[in-house]
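Number of protein chains: 2
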Amino acid sequence: MILKRESRVIGFDDGPINPKENESILVGVVIRGKEYVDRVLTAKINVDGTDATEKIIELVKKPKHFEHLRAIFLNGISFAGFNLADIKKISEETRLPVIAAMRNPNVAKFRKVASKFPDKDARLKIIENAGEIHEAKINRTSTYFQCAGISTHDAEILLKKSIKRATIPEAVRIAHLIAAGVVEGESRGRV
Amino acid sequence: MILKRESRVIGFDDGPINPKENESILVGVVIRGKEYVDRVLTAKINVDGTDATEKIIELVKKPKHFEHLRAIFLNGISFAGFNLADIKKISEETRLPVIAAMRNPNVAKFRKVASKFPDKDARLKIIENAGEIHEAKINRTSTYFQCAGISTHDAEILLKKSIKRATIPEAVRIAHLIAAGVVEGESRGRV
Chain A
26 MILKRESRVI GFDDGPINPK ENESILVGVV IRGKEYVDRV LTAKINVDGT
76 DATEKIIELV KKPKHFEHLR AIFLNGISFA GFNLADIKKI SEETRLPVIA
126 AMRNPNVAKF RKVASKFPDK DARLKIIENA GEIHEAKINR TSTYFQCAGI
176 STHDAEILLK KSIKRATIPE AVRIAHLIAA GVVEGESRGR V
Chain B
26 MILKRESRVI GFDDGPINPK ENESILVGVV IRGKEYVDRV LTAKINVDGT
76 DATEKIIELV KKPKHFEHLR AIFLNGISFA GFNLADIKKI SEETRLPVIA
126 AMRNPNVAKF RKVASKFPDK DARLKIIENA GEIHEAKINR TSTYFQCAGI
176 STHDAEILLK KSIKRATIPE AVRIAHLIAA GVVEGESRGR V
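Line by line, the protein sequences give chains A and B.
Numbered by this note's numbering, the letters in the first sequence go through residues 26 to 216 in order.
Numbered by this note's numbering, the letters in the second sequence go through residues 26 to 216 in order.
If you're looking for bench data, these hints aren't it; they were derived computationally from the structure.
Everything numeric in this text was worked out from a predicted model, so none of it was measured.
Glycine included, every Cβ here is placed at the ideal spot set by N, Cα and C.
Warning: the hint list may mix true and false statements.
Short derived list, chain B residues pointing at chain A, Cβ under 8 Å [said to hold, decoys possible]:
| id | residue |
| --- | --- |
| 1 | Glu60 |
| 2 | Val62 |
| 3 | Val65 |
| 4 | Lys114 |
| 5 | Ile175 |
| 6 | His178 |
| 7 | Ile199 |
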């Protein structure tokens, strides 16, 4: 797995949920090299819904950047509450490696929450598709990840290359800041 | 004017205007060093309104980052249509240097537009407060700027330091990408 200095990757995160809304913001950030922000994309996804997978695929496949992308990074696999991203499907439909990085995985709790939804079979299937959780030591901290469309070994290398000062991939870190900033700005605007 | 490697600056830009809305998004991005994105802030401002100045001051003065900030960069002085930012007032109230950078200044046209508003005196005063437009050659391109709370000489040095690959300050460039990404995502969501 070679990630050239000018390769582009995309990272996704969601914003905090506003209790008055059924939708939440999903932010994708395209990074060139290790840090240069190339593009910002957003979409709305349903809180606890089932559209995270398709919305991520839609934003990844947008023209202008799709052909340059080399990898997709997610902040875990759940967005907007429990709207699960199917990393296997995302990788298959984009032909790109997908790495879901997280700080504190809790599989048992995750399955338990999934089991409470009427469409629990579909949700448990997405959790299963995400595969095993692996550990990587980065900047003296444990970062955990699941991956699709790439070997565990290569995913760990890619993950390390994508992290700058923090413990999550730079594109995900910036997506997180943007989503939080937009939601906070919106909620203040409402008061 | 010393800008240390870890100094923080904030850059502002607005998003494209949605013709169906009276408000537009204002995005502020705090950058550490030359490129590390530290924080993203947003607010809504009125299209052709008069609240850009106070909203910029409000976002600049937020705790957590205010004490670390060393400069404010704006993408010109007009936001959300013709909502003018008073760089003199922003500098006075924040005690920070303010630099409004632009690609193609057109003062005559600017004054003409201002003159059509009922509160034209207040708007022309803000244009006057922004002072002379200076030219800086950066990356073989002319970048124009107005400044407050800093000498023209120091502003030019600061401007050059704040620019990475493009011809506008990095914080403004990223604010621009975010504002465009959010507005585009919202408008797609509506269809």
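Broken hints, numbered, in rising order? Structure breaks hints 4, 5 and 6.
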